[in-house]
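A.B. asks: Please build the complete structure, drawing on both the sequences and the hints.
There are 2 protein chains.
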Amino acid sequence: MSVLTRPILDINLNNIVKNYELLQRIAPKSIAAAVVKDDAYGLGAVKVAEKLYNDAGCRCFFVAHGIEGERIRPVVGESQIFVLQGIGEDSLESFEKAGLTPVIASPEQFEFWKKHKINGIKPAIQIETGLNRLGFREKDIARLSEKDKQEFDVVLSHLACGDEKDHFMNEHQLLRFEELKNKYFPKHKASLSASDGTFLGERFQKDIVRLGAAMYGINTAPYRENQMLPCITVKAPVLEIADLDKGEFVGYSVTYRAASNRKIAIVSIGYGDGIPRSLSNVGKVFFAEGNIVHEARIIGRISMDNVICDVTDVKDAKVGDLAVVIGDFYTLDDIGRDAGTISYEVLSRLGKNTRFIRNYIG
Amino acid sequence: MSVLTRPILDINLNNIVKNYELLQRIAPKSIAAAVVKDDAYGLGAVKVAEKLYNDAGCRCFFVAHGIEGERIRPVVGESQIFVLQGIGEDSLESFEKAGLTPVIASPEQFEFWKKHKINGIKPAIQIETGLNRLGFREKDIARLSEKDKQEFDVVLSHLACGDEKDHFMNEHQLLRFEELKNKYFPKHKASLSASDGTFLGERFQKDIVRLGAAMYGINTAPYRENQMLPCITVKAPVLEIADLDKGEFVGYSVTYRAASNRKIAIVSIGYGDGIPRSLSNVGKVFFAEGNIVHEARIIGRISMDNVICDVTDVKDAKVGDLAVVIGDFYTLDDIGRDAGTISYEVLSRLGKNTRFIRNYIG
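Chains A and B supply the protein sequences, listed in that same order. Position 73 of the first sequence, counting from 1, maps to 73 under the working numbering, and the rest follow consecutively. Position 106 of the second sequence, counting from 1, maps to 106 under the working numbering, and the rest follow consecutively.
Quick caveat, the hints were computed from the structure, so don't treat them as lab data. None of the values given here were measured: they were computed from a predicted structure. Please note that the accuracy of each hint is not assured.
To be verified - Computed cross-link-like contacts, PhoX-like style, restricted to lysine-lysine with a CA-CA straight-line distance of at most 25 Å:
| id | chain 1 | residue 1 | chain 2 | residue 2 |
| --- | --- | --- | --- | --- |
| 1 | B | Lys315 | B | Lys284 |
| 2 | B | Lys149 | B | Lys189 |
| 3 | B | Lys165 | A | Lys318 |
| 4 | A | Lys147 | A | Lys183 |
| 5 | A | Lys139 | B | Lys263 |
| 6 | A | Lys318 | B | Lys115 |
C.D. replies: Here is the structure:
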């Protein structure tokens, strides 16, 4: 009998490359930039960026913070690295050392940039078109001199509802983006869309598409079946199998009570590994035996290190079995939905944990 | 005007020591063990363990996984390090290298232990008393020979409802623990309680109390005001201040619409840094000016890198200001409640992120 204790995270770099290539084919006229911010959504920015640079020929990357750009610089050659949160006193050193390109989103950041320009770098300007997050509002754009505008190379904005094909905001933001661009930056390169906008068609793709979530296997166009390959699998060993008698409780604050005799498995993964605690009494894990997949409901509260599930109907469940926590038949998107959040947040949490046996494929 | 871009996480190691000492005074007859699993709930197990070893004289630690024990061994001298998830093929090397003490929770793990004993180590046995998580059930204990029982040094169990003073489970589990211990392990050392049980009084404290959450400032006895000192502060810079006109939307999926003209601040922290996305349209951030604290509601969806808040009533809010995301007046426990989870999960997520400017105090 196999005795294991640690959860296992498999990250399929080959599938990330395939997803990148598929997205590039969907936007054939655009530069396909890879978004590797937040440590590549937790999957390891250095590994992911290196793979995309070497195997997919990616030469344009987006991160959120200067420090993230500095970390990937050694593996992406002379690629351009855009930094979405812009440049500041606390990131200046990273920008200088790694030759990063700031995305300037406010007049204050632009003033800072003008004092601390980096040789050979032309920043992007972010403009606000309806998301009401970062970006120059028109009144601030209007105050820029012609010389100021020539400081920039790319004009960038971001969609609020790109994952809803027919949402009125998409057309609204596209028209607003084109209006502002034509008026103030007619000769600049343009970037409007992340993964979700890329699926909205050529009008939304512009010169640079910024590929993040879909590249990692998330369905950013949920109005049709996911075309992306899954990039992660999470499994965790069963530490114990036990009988639960009718009337017994399970877990913290006794939120589950057995209505009949059950068999339970205690699995070695918990919210400390990034499994959302909101899956308590809601989520599932799976036991795969060849082609046969058994579903086991999570019962009771998820704790920091353990998930308890009902294996009454799982034939021959035993200590050492690997429960599939995220897999082809229970995807990140499924988990996001069941946990009351989005797959992006689940992914972002998972990969940063340090107790996984972490395997990179490819 | 100060221009910053990164969020800031301050970790007060001195307060962790003070909390540890306070808890030791509450359980003066017990060994006060420090629980540093899950990378010390995300705060950095090596830093925390080293500080407790040097400044508080702590000589007993608990982790969840062998790999976690191996990581702290260099900073805790000859201290005993218990490993709650037990020992397995994937952790054997850590156990041998670092001289760790497994907590054995199932007959299968015990068989494994007997084959792979480590010189000079006597494991603990975990017994099940009502949580229905890890632990020997009585039928499995009854099968142990006298010699088997003498393999163990400590008998351990865990409360399900220790944070609810008058919950019937507390007394139920205490009596069950004492019954099983007296029957099978009368001479062994006993450990029943984590932080929450420690507050339930001497009967629950036994030989070893396992101090985790309360040591990190969480209120594990929420039926009275928190006695613990806060151990973390999270701040993040305002990247942009903008006007929001009546009728305008904010954020992904346009979940917020302004009913009047507002002023908003875009703050450089998001769920990619561990701020729960479920605080969208619910949580708050704060702006402190000396003793005056202004509250700013989070509006719209929290995104990976940004939180947007309403600063209409925050006097003189400007780019570069630091928004307090977690502080003395909006604690981890407040965030846990507002996010629909518990402070433990919030803390566990936060500290593992790699974009913080991280300052250790003490």
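A.B. asks: Starting from B:Lys149, check that the Cα of B:Lys189 is at most 25 Å away, please.
C.D. replies: 12 Å, holds
A.B. asks: Given the hint that A:Lys318 pairs with B:Lys115, does the C-alpha gap stay at or below 25 Å?
C.D. replies: 20 Å, holds
A.B. asks: Are the Cα atoms of B:Lys165 and A:Lys318 separated by 25 Å or less?
C.D. replies: 36 Å, violated
A.B. asks: Given the hint that A:Lys139 pairs with B:Lys263, test it: the Cα-Cα distance must not exceed 25 Å.
C.D. replies: Within the cut-off at roughly 15 Å; holds.
A.B. asks: Given the hint that A:Lys147 pairs with A:Lys183, does the C-alpha gap stay at or below 25 Å?
C.D. replies: At roughly 15 Å apart (the allowed maximum being 25 Å), A:Lys183 and A:Lys147 satisfy the hint.
A.B. asks: Given the hint that B:Lys315 pairs with B:Lys284, does the C-alpha gap stay at or below 25 Å?
C.D. replies: Within the cut-off at roughly 16 Å; holds.
In summary, the structure is inconsistent with hint 3 from the numbered list given earlier, while agreeing with all the others.
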